[in-house]
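Please model the entire structure based on the sequences and the hints provided.
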Amino acid sequence: MEAAVIEAQKHWDRVYSTKEEDAVSWFEPVPARSMSMINAAGLSRSAAIIDVGGGLSRLAETLLAEGYGDVTVLDISPEAVAR
Numbered sequence: 022m023e024a025a026v027i028e029a030q031k032h033w034d035r036v037y038s039t040k041e042e043d044a045v046s047w048f049e050p051v052p053a054r055s056m057s058m059i060n061a062a063g064l065s066r067s068a069a070i071i072d073v074g075g076g077l078s079r080l081a082e083t084l085l086a087e088g089y090g091d092v093t094v095l096d097i098s099p100e101a102v103a104r
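Taking our numbering, the leading residue of the sequence shown gets 22, the next gets one more, and so forth.
Keep in mind the hints are simulated off the structure, nothing from the lab.
Any given hint might turn out to be false.
What the hints assert, rightly or not - Computed list of lysine to any residue pairs in SDA-like fashion (alpha-carbon distance at most 25 Å, straight line):
hint : residue 1 : residue 2
1    : 40        : 78
2    : 31        : 77
3    : 31        : 41
4    : 40        : 61
5    : 31        : 91
6    : 40        : 60
7    : 31        : 102
8    : 40        : 50
9    : 31        : 80
10   : 40        : 93
11   : 40        : 103
12   : 31        : 73
13   : 40        : 30
14   : 40        : 66
15   : 40        : 51
16   : 31        : 49
17   : 40        : 97
18   : 40        : 89
19   : 31        : 87
20   : 31        : 72
21   : 40        : 73
22   : 31        : 90
23   : 40        : 68
24   : 40        : 90
25   : 31        : 89
If you want it as structure tokens, here you go:
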């Protein structure tokens, strides 16, 4: 892996292993803005959706609760995905 990618991964692993999910500036208890954009796009419930940089986002669980069935979370930090 490229050194810059490894350093980025280490950075995000540190963030996710030392902070609670609501202690980061981008935390949203309800991903209203993302859901608004997804709903405006008019996607079918069978559309494939990928949450890039999903971290500890609640978007995937919200999408599943709304009936979307093909949801993937991608993040550079294994620590984030494991939580």
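Hint check:
no.	hint	in the structure
1	40 - 78	14 Å, holds
2	31 - 77	16 Å, holds
3	31 - 41	17 Å, holds
4	40 - 61	33 Å, violated
5	31 - 91	29 Å, violated
6	40 - 60	31 Å, violated
7	31 - 102	14 Å, holds
8	40 - 50	15 Å, holds
9	31 - 80	23 Å, holds
10	40 - 93	23 Å, holds
11	40 - 103	14 Å, holds
12	31 - 73	17 Å, holds
13	40 - 30	16 Å, holds
14	40 - 66	33 Å, violated
15	40 - 51	19 Å, holds
16	31 - 49	23 Å, holds
17	40 - 97	17 Å, holds
18	40 - 89	29 Å, violated
19	31 - 87	33 Å, violated
20	31 - 72	20 Å, holds
21	40 - 73	20 Å, holds
22	31 - 90	31 Å, violated
23	40 - 68	33 Å, violated
24	40 - 90	30 Å, violated
25	31 - 89	32 Å, violated
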